[in-house]
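Protein sequences, first through last, are from chains A and D.
225 is the number that full-length UniProt numbering gives to position 225 of the first sequence; each next residue is one higher, with no gaps.
59 is the number that full-length UniProt numbering gives to position 59 of the second sequence; each next residue is one higher, with no gaps.
I should point out that these hints are in silico values taken from the structure, not numbers from a laboratory.
Be a bit skeptical, because a hint or two may be false.
[Said to hold, decoys possible] If we take Cβ atoms under 8 Å as the criterion, some of the chain D residues that face chain A in the derived model are:
(1) N48
(2) R66
(3) L68
(4) Y71
(5) R74
(6) Y79
(7) I81
(8) G83
(9) G85
(10) F87
(11) T98
(12) L102
(13) L248
(14) A308
Note that CB positions come from ideal geometry on N, CA and C, so glycine has one too.
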Amino acid sequence: MKAWLPSLLRLALVVLLIAFVTNPDWFEPLLKPLTENNAPVIYNQGSLLTLTLLHLRIVLIATVAATIVAVALAILVTRPAGVEFLPLSRSLVNIGQTFPPVAVLALAVPAVGFGEKPTLIALFLYGLLPIFENALTGLTTLPANVMEAARGAGMTGWQRLTKVELPLSAPIILGGIRLSVVISLATATIGSTVAAKTLGEVIIAGLLSNNLAFILQGGLIVAALAVLIYDGLSSVERYTARRMGREAE
Amino acid sequence: MIEIEGITKRYDATTVVDDVSMIIEPRTIAVIVGTSGSGKTTLLRMINRLVEPTAGVIKLDGADNRSLPGYELRRSIGYAIQGHGLFPHRTVAQNIATVPVLLGWDKARIKARVDELMTLYQLDPEAFGPRYPHELSGGQQQRVGVARALAAEPNVLLMDEPFGALDPIIRTKAQEDLLAIQKRFGTTIILVTHDMEEAVHMGDKIAVMDAGKLVQYAKPAEILANPASAFVETLVGASERPFRLLSLGRVRDAVEKGSAEGEAIPGDASQRDALAELLWSGRPALPVKGADGKPLGRVTVDGLVKRAARPA
Numbered sequence: 001m002k003a004w005l006p007s008l009l010r011l012a013l014v015v016l017l018i019a020f021v022t023n024p025d026w027f028e029p030l031l032k033p034l035t036e037n038n039a040p041v042i043y044n045q046g047s048l049l050t051l052t053l054l055h056l057r058i059v060l061i062a063t064v065a066a067t068i069v070a071v072a073l074a075i076l077v078t079r080p081a082g083v084e085f086l087p088l089s090r091s092l093v094n095i096g097q098t099f100p101p102v103a104v105l106a107l108a109v110p111a112v113g114f115g116e117k118p119t120l121i122a123l124f125l126y127g128l129l130p131i132f133e134n135a136l137t138g139l140t141t142l143p144a145n146v147m148e149a150a151r152g153a154g155m156t157g158w159q160r161l162t163k164v165e166l167p168l169s170a171p172i173i174l175g176g177i178r179l180s181v182v183i184s185l186a187t188a189t190i191g192s193t194v195a196a197k198t199l200g201e202v203i204i205a206g207l208l209s210n211n212l213a214f215i216l217q218g219g220l221i222v223a224a225l226a227v228l229i230y231d232g233l234s235s236v237e238r239y240t241a242r243r244m245g246r247e248a249e
Numbered sequence: 001m002i003e004i005e006g007i008t009k010r011y012d013a014t015t016v017v018d019d020v021s022m023i024i025e026p027r028t029i030a031v032i033v034g035t036s037g038s039g040k041t042t043l044l045r046m047i048n049r050l051v052e053p054t055a056g057v058i059k060l061d062g063a064d065n066r067s068l069p070g071y072e073l074r075r076s077i078g079y080a081i082q083g084h085g086l087f088p089h090r091t092v093a094q095n096i097a098t099v100p101v102l103l104g105w106d107k108a109r110i111k112a113r114v115d116e117l118m119t120l121y122q123l124d125p126e127a128f129g130p131r132y133p134h135e136l137s138g139g140q141q142q143r144v145g146v147a148r149a150l151a152a153e154p155n156v157l158l159m160d161e162p163f164g165a166l167d168p169i170i171r172t173k174a175q176e177d178l179l180a181i182q183k184r185f186g187t188t189i190i191l192v193t194h195d196m197e198e199a200v201h202m203g204d205k206i207a208v209m210d211a212g213k214l215v216q217y218a219k220p221a222e223i224l225a226n227p228a229s230a231f232v233e234t235l236v237g238a239s240e241r242p243f244r245l246l247s248l249g250r251v252r253d254a255v256e257k258g259s260a261e262g263e264a265i266p267g268d269a270s271q272r273d274a275l276a277e278l279l280w281s282g283r284p285a286l287p288v289k290g291a292d293g294k295p296l297g298r299v300t301v302d303g304l305v306k307r308a309a310r311p312a
């Protein structure tokens with residue numbers, strides 16, 4: 001394959017996505033055959049652009065929060081003082097993963113009400129595990145002689161963490177964030193069952209009115225976002241890995 | 001001066017270092033030799049407190065090494081390890097500047113020091129400063145590792161098998177460089193190795209460790225001539241002994257009156273090299289020249305063979 005082909009495909013997908021969420025009417029003829037009984041072809045109870053931005057916002061907030069908590073936890077349990085909390089924090093984070101997101105939503109709604117909040121809680125809990133696991137892997141597989149040199153040079157614990165450990169594990173932590181974002185992008189659609197404004201709304205509206213065009217446009221936008229973000233974060237990851245001198249691995 | 005007094009390190013029931021006492025004179029190189037598991041690395045790491053001793057005291061120029069917080073102590077002591085341990089995410093210049101930055105030196109002083117060390121180690125600061133460690137060869141990485149250890153002008157440099165990962169040719173060069181730099185800065189060096197050859201070549205004094213105990217601590221010639229135990233004798237290697245003894249002496253000191261044919265050998269060369277040259281070329285004598293190229297006399301096979309014999 002030619003080297004420029006992937007970039008061209010990415011660019012085409014970005015252009016297509018932007019065109020679709022800003023001017024969905026252009027695509028009406030394409031989706032028309034999927035509807036029956038003169039049902040509306042393009043989602044008409046809100047702008048696709050607004051829903052896409054809200055969808056991204058909810059994922060962003062949940063991922064940032066999950067990253068902060070997961071990385072902080074991973075740092076804590078890899079310090080000498082926190083080693084005994086390692087099993088505990090592992091199981092706490094695993095619980096977040098064993099709950100199905102729907103169950104988390106159902107449990108969160110009575111506590112915090114309908115809307116964005118229960119969705120944020122579900123996404124946050126879901127995002128924790130991959131980031132935590134990766135941060136843990138990154139922080140525990142640092143080259144031993146580099147850590148020895150850092151101690152030997154007279155760095156304090158804090159200096160070793162910020163100047164050596166975190167920079168060197170950054171590519172692996174980024175890998176965890178990438179997984180977490182993609183899971184959240186997909187899971188956020190379920191949030192619309194509890195009235196969170198996400199692209200799930202379009203899919204659910206399609207399911208309720210048996211409108212294949214709605215289902216498809218909601219699903220495709222989420223899929224395109226997931227592919228693009230995954231791709232983008234992968235290249236950030238590769239770049240960081242190169243910068244941290246870990247490319248040889 | 002480094003005074004090690006009754007140092008012991010125990011992990012649970014195992015005693016890794018057992019009541020070791022020794023004094024390392026300033027501006028000298030002390031080499032700690034031993035097999036793996038002899039406690040030599042642990043002993044070294046107790047000097048800069050990467051390991052805290054179970055019992056005993058280590059004094060640096062009279063001051064207990066526990067009078068400072070560990071990290072401050074370590075900033076004042078150079079530390080170079082096998083496989084160099086360079087920070088892969090920092091450039092060569094940033095790596096060398098590690099300790100000066102921690103000490104808060106100003107930028108100009110750091111840059112001057114980094115440039116000085118890189119030049120000393122034959123690494124062009126302009127070309128190599130901005131590179132990352134993985135872009136360097138093994139020998140260059142090792143030099144950067146030692147330069148980093150020396151950056152903050154420490155009086156004491158601890159080295160844990162610093163040449164272990166190098167091929168023999170680069171290794172010899174690295175040893176010569178270290179000796180030259182030690183003379184230049186007057187640094188007190190404590191070097192851990194399992195290689196007797198390296199110990200005899202580098203050390204002003206050699207400490208032999210076995211199973212946590214200091215078996216013998218003496219000048220190389222003394223260790224070769226009078227090994228304190230069967231273990232030391234094995235470590236020295238009975239078949240290598242005469243040649244190691246010769247490697248300690250300079251040709252200059254073995255010069256006899258007279259002249260000889262052929263290419264002259266410099267007076268600075270080791271007597272071992274002179275003997276090797278004599279044996280290889282099948283000649284009974286070699287002319288010797290001084291640093292200025294003037295003839296000093298000659299060395300003979302007979303003369304060198306006498307010097308290789310066990311001292312009385």
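Hints and how they fare:
no.: 1; hint: N48; verdict: 7 Å, holds
no.: 2; hint: R66; verdict: 15 Å, violated
no.: 3; hint: L68; verdict: 10 Å, violated
no.: 4; hint: Y71; verdict: 5 Å, holds
no.: 5; hint: R74; verdict: 4 Å, holds
no.: 6; hint: Y79; verdict: 4 Å, holds
no.: 7; hint: I81; verdict: 6 Å, holds
no.: 8; hint: G83; verdict: 5 Å, holds
no.: 9; hint: G85; verdict: 3 Å, holds
no.: 10; hint: F87; verdict: 6 Å, holds
no.: 11; hint: T98; verdict: 5 Å, holds
no.: 12; hint: L102; verdict: 6 Å, holds
no.: 13; hint: L248; verdict: 31 Å, violated
no.: 14; hint: A308; verdict: 40 Å, violated
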